[in-house]
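*Asks:* Model the full structure from these sequences, guided by the hints.
Following numbering that gives the first Met the number 0, the numbering of the sequence shown begins with 0 at its first residue and continues without gaps.
No lab work stands behind these hints: they were computed from the structure.
None of the hints are false.
Straight-line distance between alpha carbons at most 25 Å, and here's what the computed BS3-like set of lysine-lysine pairs gives:
# : residue 1 : residue 2
1 : Lys144    : Lys208
2 : Lys113    : Lys82
3 : Lys165    : Lys30
4 : Lys208    : Lys25
5 : Lys30     : Lys82
6 : Lys165    : Lys208
As the structure is a computational prediction, the values presented were derived from the model and not from experiment.
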Amino acid sequence: MLTSEEEARYARQIVMPQIGEEGQEKLKSSKVLIVGAGGLGSPSAMYLACAGVGTIGIVDEDTVSISNLQRQILHSSESLGMKKVESAKRTLGRLNPHVRVVAYEMRLSEERAKDIIAGYDLVVDAVDNLTTRYIVNDTCQELGKPLIEAGVMHFDGMILTILPGKGPCFRCVFPSPPPEDVARTPREMGILGPVPGIIGCMQAVEAVKV
Numbered sequence: 000m001l002t003s004e005e006e007a008r009y010a011r012q013i014v015m016p017q018i019g020e021e022g023q024e025k026l027k028s029s030k031v032l033i034v035g036a037g038g039l040g041s042p043s044a045m046y047l048a049c050a051g052v053g054t055i056g057i058v059d060e061d062t063v064s065i066s067n068l069q070r071q072i073l074h075s076s077e078s079l080g081m082k083k084v085e086s087a088k089r090t091l092g093r094l095n096p097h098v099r100v101v102a103y104e105m106r107l108s109e110e111r112a113k114d115i116i117a118g119y120d121l122v123v124d125a126v127d128n129l130t131t132r133y134i135v136n137d138t139c140q141e142l143g144k145p146l147i148e149a150g151v152m153h154f155d156g157m158i159l160t161i162l163p164g165k166g167p168c169f170r171c172v173f174p175s176p177p178p179e180d181v182a183r184t185p186r187e188m189g190i191l192g193p194v195p196g197i198i199g200c201m202q203a204v205e206a207v208k209v
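*Replies:* Shown next as structure tokens:
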């Protein structure tokens with residue numbers, strides 16, 4: 000059940016026939032795991048928190064550095080030197096105190112992925128690490144979890160909503176990682192700040208739709 004404060008907070012969503020009070024209650028009871036608290040994970044996490052997702056898990060091992068602040072809007076100058084998951088938890092708590100945030104200060108490994116992902120209804124993949132992306136994809140396929148995959152570079156972005164048993168997965172589209180001399184990350188090639196903002200927001204929209 001929604002409290003009166005929650006009804007007021009989410010009124011602009013509840014009035015939409017595609018969501019309504021029943022849909023808002025589903026959001027409240029849902030659990031979403033976001034892998035990566037960077038350029039993509041920032042807007043995804045913030046908008047999912049504002050939308051009323053009840054539990055948001057965030058996986059990241061990194062520390063906030065000044066070069067992150069150009070695009071990673073979960074963090075601020077006050078966050079420099081903090082672990083990204085702690086900075087994210089603080090920001091999301093300020094945005095919406097009704098949301099429970101679970102921080103996983105770690106790189107998602109094959110050994111840990113299954114145990115963590117099993118506790119969530121949906122996963123948002125927001126990393127720029129191909130190894131981790133394949134781990135997340137394969138684990139979601141094994142567990143039957145919906146996955147919102149995305150990537151960004153330069154001025155470009157891609158997004159793929161993966162529903163197990165209803166279409167291709169990330170590995171189906173990209174069977175194996177490209178050679179190391181071809182694979183590049185935003186750290187090496189650059190990224191325009193608003194691009195991950197746009198794609199990350201789209202991930203949040205897709206997550207709510209699922």
